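Protein chains in written order, with this note's numbering: chain A, 1 to 429; chain B, 1001 to 1479.
If you are wondering where the hints come from, they were derived from the structure by calculation, not from laboratory data.
Treat the hints with caution; some may be incorrect.
Pairs of lysine-lysine, DSS-like flavour, derived with a Cα cap of 25 angstroms [as the list claims (entries may be wrong)]:
(1) Lys255(A) <-> Lys1042(B)
(2) Lys1050(B) <-> Lys42(A)
(3) Lys1254(B) <-> Lys1399(B)
(4) Lys1042(B) <-> Lys297(A)
(5) Lys1168(B) <-> Lys1386(B)
(6) Lys297(A) <-> Lys1050(B)
(7) Lys1363(B) <-> Lys1050(B)
Which residues of chain B face chain A? A partial, calculated answer using Cβ under 7 angstroms [claimed, not checked]:
(8) Ala1012
(9) Leu1015
(10) Phe1019
(11) Tyr1025
(12) Val1030
(13) Trp1037
(14) Phe1038
(15) Asn1043
(16) Arg1044
Keep in mind it's a predicted model, so treat the numbers as computed, not measured.
We treat Cβ as the ideally placed atom computed from N, Cα and C, and that holds for glycine.
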Amino acid sequence: MRRNNKKKLRVSLWRRWMDHGRALSGLVMTFFASAFLLLFLKDFAWQGLALGMAVPLMIWLTTRVIPRILPADSLTLSLTSFLCALGVLVLYDTNPHYAYHQALYYGVGLVAMEICIALVRTIRSWRGIAWLLAGLSLAVLALPLIIGREINGANNWIEIGRFSLQPSELVKLSLLVVLSYFMSRRSLIPWLAFAVGCLGILMLQKDLGTALLYYGTALMLYWTSTGNPGLTAVGLAGGAGAAVLGYRMFAHVKKRVAIWRNPWADYDNAGYQIVQGLMAIASGGLLGVGLGLGSPKAIPVYHTDFIFAVICEQFGLIFGLLVLAMYVALIWRGATTAMAARTSFHGLLAMGATIMLGLQTFVIIGGVIKLIPLTGVTMPFVSYGGSSLLSSMCLIGLIQGVESLNESDIAEDTYLAELSLQQRGGGVR
Amino acid sequence: MKQQRARFKIAAVCLFGLFFLLALYGGYSVVRYGNRWFATNKNRRVAAQKENVIAGDILDRTGRVLATTDASGARVYQSSAAARRAVVHVLGDGEGQVSNGVEDFQASYLYGFQASFPELVSALLSGESRRGDTVQLTLSASLCEKAVEVFMRLQPGKHGAVIVLNAKTGELLCEVSLPGFDPDHITDETKNDSGQPFWNRAVQALYPPGSTFKTVTAASAIENIAGVEDHIFYCTAEPLYFDEHAISDYQGEKHGSIHLQEAFAESCNKTFASIAVNLGQTVLQRTAESFGFNENFLFRDLVVENSRFPRSSSEWELAACGFGQSSIVATPMHMCLVAAAVANRGVMMEPRLLRAVTAPGGKTRITFSSQIYRTAMSGEIAARLKEYMRAVVTSGTGKRAAVSGLRVCGKTGTADSTQNGKPIAYGWFTGFADADQLPLAVCVVVENIGSKASGGSTAAPIASELLAWCAQHRNELVD
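So that you can see chain A by itself, here it is in the shape it has in the complex:
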C-alpha cells in the first residue's frame, strides 16, 4: 500500500515537471527543424537535412525522454538544449565541419550530464572524494605547464594523441565539489589553500579569463556560505590588487585594457577582433540580416569567443537579448534549486554551478560587446569546443542532481505527512 501511494505521487510530480517545459520544447524543436531545412534549401547538402532531424531528435530526447529516466527540471533542460542547438545551427551555417563535431559533443554532453545527476543522487559521503579531487585537480591543472602548448597567448591546453583539451574546463567541476565540501564543513584552511593554488596555476598559464571566473565563483561561494562581509571585502580587495599588479607587470594585460578602451586605435592589429565583432553586431541591427546571410566569418574566432556577435548579426539584437534572458532563466532555476536543497553542501554545489555559468556568460558577452576587457572564455553551451560544452553540461548535471534530490525529499515528506494524517484520522475514527 505504501509502495503504491509513493508511485502515484511520483507520477503526479512527473506530470507537473513535464508541463512546465512541454510547450517550450515543442517550439524549440520546430524552430531548429525549420532553420536547418532553410539552410538545406540553400545548397541541398544532405548533412543539413540530417542535422535538421538529428538536432530536434536530440532536443526531444533531452526534454521528453531523459526526465522519465532520471528526474530533472524540464524548463532547464529545454533552455539548455535550445542553447546547444543554437550553437550547432550557427556553426553549421559558418563552418559545417565544426557543427558535426559540436553535435557529437552535445550527445556526449547529455550522457555526461546524466552521469553527473546520478553521481549527485547516489553519493552519500563526499569526504574522500573531495580530498581526492582536490589533489587530482591541482595536478591536472598544472599539466599544461609541463606538456602544454600555447594557443592565443595562454598556455592552457594539453594534447593526448589527436585530441586536445583544456584541463581548466574539467577542473571547474571538481573545483565546485571541493569548494562546496570544505565550505559546508567550515574547513577554511584547505578551502583557501585549494582556491589560491588553482588561481596561482592559472595565472602562471596566463589564462586570465578562467582565473577571473574561478576567482569570482570562489569569492561568491565564500560569501553565500559564511556571510562574512569583512573577509569577503578582503578577498575582493585582494582580487583588485592582483588585477592592478597584473596590469602593471604583464604587457599583454596592458594591451588588452588598451584595446578595450579604444579598439579602433589599432584597428588593423590588436583591435581587429573586437572591431569585427562590433561591426557584425551593428550590421545585424535589431532584427538581424537573416540566417545564412551576412559575413560572420569576417570575425576571427567567430566559432568560439565571438559566437554571440555571429548570433546578433544573423538574428538581431532583440534575439541576442532573448538569449541573455535564457541564461537569466537558467540562473533563476539554479538558484531556486540551491535554495530548496536540504544540506549545505548540496545547496552550495548547485549555487556554485549557477554562479559559474552566469559569470562565464557575463565575462564573454561583456567582452564581445566591449563592456569589459575581452578575456578568452567560451560562451556556455553555444561556443564550439568539446571541453567547454562537456563541462557546461556537467554543471547543469550537478544542478539537476541536487534538484532531483530535492524532489525526492519533497515526495518523501509529502508521503510521510499523508501517512501520519491517515494514521491520526484512523485513530479518531
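Since the structure of chain A is already known, use the hints to place chain B on it.
Coordinates of chain B only, in the frame set by chain A:
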C-alpha cells in the same frame, strides 16, 4: 541554512544585475554607435554589398548630382575637376582614403541596407540589380566651390578649412578642407603629399582656437562675475606675469583702460588671462563644457573629433586657457557651432548633412529634421556676446570681415602652436550674419600664416567675401 538561502537569493539577484547591465549596455551602444561601427570603409559587409547593389546617387541641396553610378557600375563624380575637388572631403572617395565621407558613412542608405522586405522581394522578382537609395545633402556645392576659389585666391598655397552652416537649423552648407584632391586622379604623389590632402581639416583637425575661445571666456565672465561689464581693465605695454611666465598681447600692443567689450573687440590677452584666473578652473571648465568641450560628439550625420579643455595644473596654464592657448584644442566645425550658438540665442543646433533620402521607387525614406544639440548659454548672455562680436567687426580686430548691408558679427584669432618643433601660427575667424533672413554662421582657419599676419588679416577677408556671396545667393542656401 536559512541565512544561506537568503544569501543565495542575493547572489542570484547580483547575477541578474550583471545580465541587466549587459542588456542595457548592449542595447545602448548599438543604438548610439551602431552606424559608426557599421559604416566604415573597413567593413567587409559594405564591400561585399557593393558587388550586388548599384550605389545610389548623392545630390546637393539644389538637386545637383555630386555622385552617381554609370551603366558599367563605376562611380562617377562631377565633370569639372574644380567641382569634384570642392566636395571631395564631404563625399569621400572610392578608395576610402578620406575618413567618414558620405560614401562611407551613409553606406547603409547608398548600398540599400535599409531596403524593406517588400522592396527586396520586388527587386528579386524583377531580376534586375537592386539600386541603393538616393541621398540628398544639405550642402551647397556652388558655395563649396566658391569657398575654395576665394581661399585659394586670397591665401594661395595655404592650407586650412572653411565651414558655413545655418545657425537656426544646423544645416551644413559648406565644408571645405584645403588642400583638396581629385577623386578621379589619386596618384602616389597625392598619397605622399606632405600637405595631407586626405585629411578633412574641417572636422578632423584639432587646432588651438586662440582668441576665438574668448567668446567662451567672455560668456563665463558675464555669467559668473557680477558687474564685470562695468569693470575697467588696465592694459599696459608691460607683460603680465603668472608663475613667472610672461603673458603679453599680440605684437606687444597696449590697450589702456578698457571695458570688457573693448577688450573683446581688441582681443586683449592680458584682460582675458586675468579673467580666467579670476573665474578659476572649475567655473571656466563648466562653461567650456556647456559649449561642448570635452564632449563626445555623436552627431547623426557627421563624425567630428572631440574638442578638449584641459585641467590646468598651474595658474599660468589657466591664464593661457582664457585666450584659447595652453592645450585647448577644437575643430573648425566646433568653433563654428560656438558662433552659431551665439547667433541662435544661445541654442546650439545639431549640425546635419542629410536633407532627404529617397528609395529607388521614389518613396521618401527620411527627411531632414533639425534638433537642438545643447543649450550653451542663456539668451541674455548670447545677446550681450552678439554685441561684443559686432564690435569686433565694426571697430576691432575683425574690420575686414565687414560686408556692406549685412550685420556681420565675429571673433578673430591668431593661435600659436608648434608643428614638428617649429612655431606655427593659425589664423581664425568665426562669426555669423546677424539677419533673420540669412542666419548663417561661418568659420575660416588658415594654417601657417607667418609671424606678421593675424586672423583678422587672413581669415576675416575670406569670411567677408563668402558672406557677401551668400547674401546674393540667399535662395539657394536658405529655405
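Closer than 7 angstroms between Cβ atoms is the bar; does leucine 1015(B) clear it against chain A? Give me holds or violated. holds, 4 angstroms
Is the straight-line distance between the alpha-carbon of lysine 1254(B) and that of lysine 1399(B) 25 angstroms or less? holds, 19 angstroms
Can you confirm whether the C-alpha distance between lysine 1042(B) and lysine 297(A) stays at or below 25 angstroms? Given pair lysine 1042(B), lysine 297(A) holds - Cα atoms ~15 angstroms apart, limit 25 angstroms.
Answer holds if the nearest beta-carbon of chain A is closer than 7 angstroms to that of phenylalanine 1019(B); otherwise answer violated. holds, 5 angstroms
Lysine 1168(B) paired with lysine 1386(B) [C-alpha distance capped at 25 angstroms]: holds, 15 angstroms
Going by Cβ atoms only, is tyrosine 1025(B) closer than 7 angstroms to chain A? holds, 5 angstroms
Quickly compare the C-alpha distance for lysine 255(A) and lysine 1042(B) to 25 angstroms and report which way the hint goes. holds, 22 angstroms
Alanine 1012(B) as an interface hint toward chain A, with CB separation required under 7 angstroms: holds, 4 angstroms
Classify the hint on valine 1030(B) as holds or violated, based on whether any CB of chain A lies nearer than 7 angstroms to its CB. Holds. Min distance 5 angstroms.
Need the status of pair lysine 1363(B), lysine 1050(B): alpha-carbon distance at most 25 angstroms? holds, 22 angstroms
Can the hint on arginine 1044(B) be confirmed by a CB-to-CB distance to chain A that is less than 7 angstroms? holds, 5 angstroms
Checking hints one by one. Is phenylalanine 1038(B) an interface residue toward chain A, by the C-beta closer than 7 angstroms rule? Constraint on phenylalanine 1038(B) satisfied, holds at 4 angstroms.
Of the numbered hints given earlier, the model fails none.
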